[in-house]
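Using the hints, build the complex out of the two chains.
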Amino acid sequence: MKKENSRRSFLKNISLATFSALALSGCNTEVFDEFLQKNFRTLSKKEKDKIIKNLELKYKEKYGKEFHVSDKPAMEGTLFGYALDLSRCVGCRKCVYACVKENNQSREPQIHWIEVLQMEKEKGIDFADSNVQYNPEKVPEKGHFYVPVQCQQCRNPQCVTVCPVKATWQEPDGIVVVDYNWCIGCRYCMAACPYGARHFNWGEPTVPTEEINTEMHYLGNRPRKKGVVEKCTFCIQRTREGKYPACVEICPVGARKFGNLLDPESEIRYILENKRVLVLKQELNTQPKFYYFFGI
Amino acid sequence: MNFIRFITGSIRIIFHGSKTYFAWLIFLLLLILWGGSGYSKQLAHGLIETHMRDSVSWAFYIGNFTFLVGVAAAAVMLVIPAYIYDWKPIKEIVIFGELLAVCAVIMCLGFIIVDIGNPLRFWHMLPLIGTLNFPSSMLSWDFFVLNIYLLINLVVVTYLLYCIFYKKEYNKSFVLPLVLFSVPMAVAIHTTTAFLYNALPARIFWNSALLAPRFLASAFCSGPAILLILFQILRKTTKFEIKDEAIWKIAELMVYSMFIYLFFTIAELFKEFYSGTEHILYWKYLLFGLGEHKEIILYSWSSIIMGFIAFLLFLIPKTRKNFITLNIGAVLIYSSVYVEKGIALIIPAFTPDVLGQIYVYTPSMTEIRTAVMVFSIGFLLFTILSKIAISIVFDDYNIDSLNRMKNKK
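Chains as they are written, first to last, in the working numbering: chain A, 1298 to 1593; chain B, 327 to 735.
Since the hints were made in silico from the structure, they are not lab data. Heads up, a few of these hints could be off.
[Stated by the list, open to error] The calculated DSBU-like cross-link candidates involving lysine-lysine, where the alpha carbons are at most 30 Å apart (straight line), are:
| id | chain 1 | residue 1 | chain 2 | residue 2 |
| --- | --- | --- | --- | --- |
| 1 | A | K1523 | B | K367 |
| 2 | A | K1359 | B | K367 |
| 3 | B | K569 | B | K647 |
| 4 | A | K1359 | A | K1345 |
| 5 | A | K1335 | A | K1357 |
| 6 | B | K597 | A | K1420 |
| 7 | B | K569 | B | K493 |
| 8 | B | K367 | A | K1355 |
| 9 | A | K1418 | B | K610 |
| 10 | A | K1345 | A | K1369 |
| 11 | A | K1522 | A | K1398 |
| 12 | A | K1522 | B | K367 |
| 13 | A | K1391 | A | K1359 |
| 14 | B | K345 | B | K565 |
| 15 | A | K1357 | A | K1343 |
| 16 | B | K610 | A | K1578 |
| 17 | A | K1343 | A | K1369 |
| 18 | B | K732 | B | K494 |
| 19 | B | K575 | B | K417 |
| 20 | A | K1345 | A | K1578 |
| 21 | B | K620 | A | K1418 |
| 22 | B | K367 | A | K1335 |
| 23 | A | K1578 | B | K597 |
| 24 | B | K417 | B | K498 |
| 25 | B | K620 | A | K1578 |
| 26 | A | K1355 | A | K1335 |
| 27 | B | K610 | A | K1420 |
| 28 | B | K620 | B | K610 |
| 29 | A | K1420 | B | K620 |
[What the hints assert, rightly or not] Incomplete in silico selection of chain B near chain A, CB under 10 Å:
| id | residue |
| --- | --- |
| 30 | S383 |
| 31 | L435 |
| 32 | I438 |
| 33 | G443 |
| 34 | P445 |
| 35 | R447 |
| 36 | T457 |
| 37 | D468 |
| 38 | A528 |
| 39 | Y600 |
| 40 | S601 |
Don't be surprised by glycine CBs; every beta carbon is placed ideally from N, CA and C.
For reference, chain B alone in the conformation it holds in the complex (with noise of 0.2 Å):
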């Protein structure tokens, strides 16, 4: 009855809100309907309505999907380091980061549903009443690692709302083991997630052992990105407080694993190109192209050039402490992964195909107009859930406020 009570009382406020709330709401919305127009054409026709063929059998979907693993991952691994350097609201920073991490895993969800040709057999992987590959197929493994992942941050971040709401002291012994686990909850994601590709030696471009190394370093550039601005709109516009040193600190981290990624991918480089095995294509694909295919160069620059922009402007101190070029920073470093987990992490595996031959591949319309339909759905939970929160956290919404209403009619 009480979980009820606090469940309306949420609900309550997602209808109370500023008109730039609103707006915003009624953005997504609509680009949600405009996605979802392009989704139906695709759910009426069949995948044909993508680019994907035979020759790149996985391509845009599987790739955001992969890019929101690392965005999951990243946003509960900054407990650590608030943890150990005592960020002041370090509960704050645990319930914000849990959010993200839990509308991340719910958008990776609803990649993979509209990536599969038949959604309708979903249930065919639950337990009891499916057939999971489990422990044979990484794709189980993965499916299993994100459900928890998602029910870990879930119960967390409801559990620490319901306290405040119900002005109760938290039960320190059944949160901390849950957040505890939930890091390496965070990496293991990540790692299967990697691993899925990892695993596949039909696909030389990604049978590398520095492929998870990579895609954890990333993440920790992406993740991060998204909480160092949230964290600068909740401190502009909440009782949130964080001090400057914190996000600073966020920011330095952030090329520590900038770093760690660019040697990564250095020492991949070497090894393709000094040994110069027939492997080198993948790579000369991704990076200059075969022959008058060259379509993928713009995307695989644009990432380079980006995280490069964003690396030289986190290292040099006096624009990681400029708010404006570190925001700068924070949107060019996402927009860098994003490319780079999106397109080119996938579709050099596959161009050329396992017999050699290139079909080129760019993302439809229609890839394009689900992607927003599922972006949008996932900005719109994070919106109405990040409201939730912080009427709760920090505007003291709370059972008595929700009694002087009722009182009130």
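The shape of chain A in the complex, shown without the other chains (with noise of 0.2 Å):
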């Protein structure tokens, strides 16, 4: 019976032991309290906050600049949505690296969150016989015109009925987020997802010191790090404040239009009720809130 008394408490002090030595090892508790952070959505607003400060701290002492992480919910009676002009855009690919700026998205490797594929006139929006890799001189090209795809925030999210930790849901303003503390990195919602939205950090980013974006939203263009999906959230930090996402604001012939769909004064709403509109892959039932609509 001794013999096993002491057993048990030799087994006991050694776990203990362990667990310190663990608690130790990353200098501070910092590396193990984000290993133990909980899913976004069932945190509190105080352990929000705390995390918040936390990674304001972290980024500063990273990039030594001032940074601003916000964690601003949805604002009640809107629901955003996206019309761009096919016959207006020219393939310049402009909305693309403004995009890349903005959202802090890694340049080596490179990720893009938004796609433009050239397409020949005389077949239509074809995916089987488009070209992302077009490089001419001038855009655009004779014969061709561009179809730029991003995350189309799906009312039918494929991506978030497959994940399988919750690590990815839809905002009550419609917007399709990644909470990158908590996806695993199993990539399903990449198989899942019709449009190639959902991107995969396949090495460590990196993004220069110089141009980084300090404002920041946490569900949005804050640093990602390896093993995480990300993908375009209509500029979450940008439209929640009430601006426009970047490359609503770059794009050089006005083909893309931002509104809230709840609003019957918006331009997206006139653009719905007096052009005629369309979304890729309607057959498969995501019900995209970005349409897309020959302006002229």
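Below, the structure is given as structure tokens:
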């Protein structure tokens, strides 16, 4: 009996020792805290505030700049929608790079949330014969038109359905977001997305310090780590502050339109009512809030 | 206390064996080291060490996973014919089938872990502390059924060995329901894995109702192939008795499944090629390549040819009843299904990708080494567990021999 007892206390001691060694090995408890951090949607206000404060400090340490990380929730009465004028787009890819800069996408390895497909006018919207790698001196090229594709912010998002750990969800304002601290990196969402809108950090992402955008949203453009999935969030850090997404602002031909679908006076509602719109891969019943139309 | 003695007794067996046994263990350990050093590179630098990219975001790892789910399922499904045809050593078939299933499921979980970007966050899938997306996500279903399946098989096989070890009669009303339950569970794990792919409308190549039936048919080719060879080895080296007829019967059942698999595939091909919609692109890529991208043909046709030769060898009674050609056939069908599940099932679903772009994928060295690591761990486990089972079931290693050893000291 005595022997049994000493064995038990030995086990107890050794597990305590391992635990404290683990906790100490991170120099501080930061690594441990991050490992144990809960799903964003189950965090209390207090926990969120603490995490965000720590993040801001950490980024300051790393990049030597002041950062602002927001966790602003969706505004009531908003449902964001997007419309893209196919007859205006010239395929210049300015949106692609504005997006990269605004959203702190990795430069090496390169991640682009927007992909612009060059298509042949003769064939119409036909993915099989489209080309992402087009590289002429001048755009647009004769006989071609351009279809930029990014997250279509589906009302019925397959990516959310398949995620095994609820690391991605649709916010009340319709934006599909990812909790980068909860994503396990299984990439099931990437297999499920019919638009190639989800991108994986195959390696450690890098963003040059001088180019980093310091205005961030927790569910948006804050720096990611390797092994997690990311995607277009309609520039959540801008649009929840009443600004346009970066791609809308940069577009030199005004092909990109953005607004609140619930506001009858909005430009997006005007387009839906007065232009003929289409959505990509309608047959899959994903019900995108990203519309394409022909303005002229 | 009794159970602890059973475990220590079992562990003791592992360290006693012939030279070939130890050579095999060392060989596997070396492979684990070699593969592990490849995997450590992936751990350090991320999945960029693989050839997967955004276009082809799932590949060799998930293919291996799928293949092994099939092995795990088929190993136990063999209990049905063993029962129906009254092959004598049914208890032994259950034990070795379930041991194989246990190791295969562990390898499955291994392939999932090496495939995910944040293996440390695996706990997010656990009930209570994590947020498993059940029942929405098919992956959560798969995780669920695989773990139940692992548990059932582990319990049954441990209990049976434990009873034999203590020379007790096993409790039939405890074992029989579990074994009977494990058979539909075997069907369930492979069906769920098929549904995992099947349920994605974005991936047209997988979005066919025939996927799950094809999975089961192919699993019934590859799983028994391993047991077929294992039974022959056991028969030669231990007291395990299985009649030639039983082995030929397994082979015969494999021919049926090969035929069903062939039929399903032809039905699929007919629909795709005769209707000739744009969906045909993926099959074209698999079988003939698209434009100058023909890298995958090597895999698809080697799988088809190996499968076809195996089919003929198993179909013709003369070659089926000849153990040399039978074993060649078993190896061929195993390899055929491995290449089919490992590459030919996964890659065409991603090539061309959802936006029509072509990224040519073939496994990287890191992926091959990591796969070698997982397989070697599985083989090592299977070797050790089989060693224990053989000693207890055939070599009369039991509690008395353990006591005798103690007394000698």
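Hints versus structure:
Distance restraint check for K1523(A) and K367(B): the Cα-Cα separation of roughly 14 Å lies within the 30 Å cut-off, and the hinted pair is therefore satisfied. Using a Cα cut-off of 30 Å, the hinted pair K1359(A) and K367(B) holds, with the two alpha carbons roughly 25 Å apart. A C-alpha spacing of about 12 Å is found between K569(B) and K647(B), which places the hinted pair at or below 30 Å, so the restraint holds. Annotation: proposed proximity of K1359(A) to K1345(A) holds, straight-line Cα distance about 21 Å (limit 30 Å).
Simply put, K1335(A) and K1357(A) have alpha-carbon atoms about 24 Å apart, close enough for the 30 Å limit, and the pair holds. Proximity of K597(B) to K1420(A) is assessed by CA-CA distance (about 25 Å); at most 30 Å being required, the pair is judged to hold. Restraint check for K569(B) and K493(B): satisfied, since their Cα atoms lie roughly 26 Å apart, inside the 30 Å limit. Proximity of K367(B) to K1355(A) is assessed by CA-CA distance (about 27 Å); at most 30 Å being required, the pair is judged to hold.
About 25 Å separates the Cα atoms of K1418(A) and K610(B), which keeps this hinted pair within 30 Å; it holds. Between the alpha carbons of K1345(A) and K1369(A) the distance comes to roughly 11 Å, so the proposed pair stays at or under 30 Å and holds. With a CA separation close to 17 Å, the supplied pair K1522(A) and K1398(A) stays within the 30 Å bound. In summary, the hint linking K1522(A) to K367(B) is supported, as the alpha carbons are separated by about 17 Å, within the 30 Å threshold.
Among the hinted pairs, K1391(A) with K1359(A) is consistent with the structure: their alpha-carbon atoms are about 29 Å apart, no more than 30 Å. Proposed proximity of K345(B) and K565(B) is supported: the alpha carbons are some 20 Å apart, at most 30 Å. At most 30 Å may separate the alpha-carbon atoms for a hinted pair to count; K1357(A) and K1343(A) meet this at roughly 21 Å. This hinted pair checks out: K610(B) and K1578(A) have alpha carbons roughly 22 Å apart, not beyond 30 Å.
For the hint pairing K1343(A) with K1369(A), the CA-to-CA distance comes to about 14 Å; that is within 30 Å, so the pair holds. Restraint check for K732(B) and K494(B): the C-alpha separation of about 21 Å stays at or below 30 Å, so the hint holds. Straight-line distance between C-alpha atoms of K575(B) and K417(B) comes to about 18 Å, which keeps the hinted pair within the 30 Å bound. Proposed proximity of K1345(A) and K1578(A) is contradicted: the alpha carbons are some 38 Å apart, above 30 Å.
In summary, the hint linking K620(B) to K1418(A) is supported, as the alpha carbons are separated by about 28 Å, within the 30 Å threshold. Only pairs whose Cα atoms come within 30 Å are accepted, and K367(B) paired with K1335(A) is accepted, the gap being roughly 29 Å. At most 30 Å may separate the alpha-carbon atoms for a hinted pair to count; K1578(A) and K597(B) meet this at roughly 22 Å. Between K417(B) and K498(B) the CA atoms are separated by roughly 12 Å; this keeps the pair inside 30 Å, and the hint holds.
For the proposed pair K620(B) and K1578(A), the alpha carbon gap of about 28 Å is at most 30 Å, so the pair holds. Pair hint K1355(A) plus K1335(A) holds up; C-alpha atoms about 19 Å apart against a cutoff of 30 Å. Note on K610(B) and K1420(A): the hinted pairing holds, with a Cα-Cα distance of about 20 Å set against a maximum of 30 Å. Between K620(B) and K610(B) the CA atoms are separated by roughly 10 Å; this keeps the pair inside 30 Å, and the hint holds.
For a cut-off of 30 Å, the pair hint linking K1420(A) to K620(B) stands: about 25 Å separates their Cα positions. Using the Cβ-Cβ criterion of 10 Å, the hint placing S383(B) at the interface with chain A is satisfied: the shortest such distance is roughly 4 Å. With a least beta-carbon distance of about 13 Å to chain A, the hint placing L435(B) at the interface is violated under the 10 Å criterion. Because the closest C-beta pair between I438(B) and chain A is about 8 Å apart, less than 10 Å, the hint holds.
The beta carbon of G443(B) is positioned within 10 Å of a beta carbon in chain A (closest approach about 2 Å), and the interface hint is therefore held. Residue-level restraint check for P445(B) holds (minimum Cβ-Cβ distance to chain A is 8 Å; threshold 10 Å). The closest approach between the C-beta of R447(B) and any C-beta of chain A is roughly 5 Å, which is under the 10 Å cut-off, so the hint is satisfied. At about 5 Å, the closest approach between the beta carbon of T457(B) and any beta carbon in chain A falls short of 10 Å, and the interface hint on this residue holds.
Given hint, D468(B) at the interface with chain A, holds; its Cβ is 9 Å from that chain's nearest Cβ, closer than 10 Å. Nearest Cβ of chain A to the Cβ of A528(B): about 4 Å, under the 10 Å cut. The hint holds. The beta carbon of Y600(B) is not positioned within 10 Å of any beta carbon in chain A (closest approach about 19 Å), and the interface hint is therefore violated. Among the interface hints, the one on S601(B) is violated; its C-beta lies about 16 Å from the nearest C-beta in chain A, farther than the 10 Å criterion.
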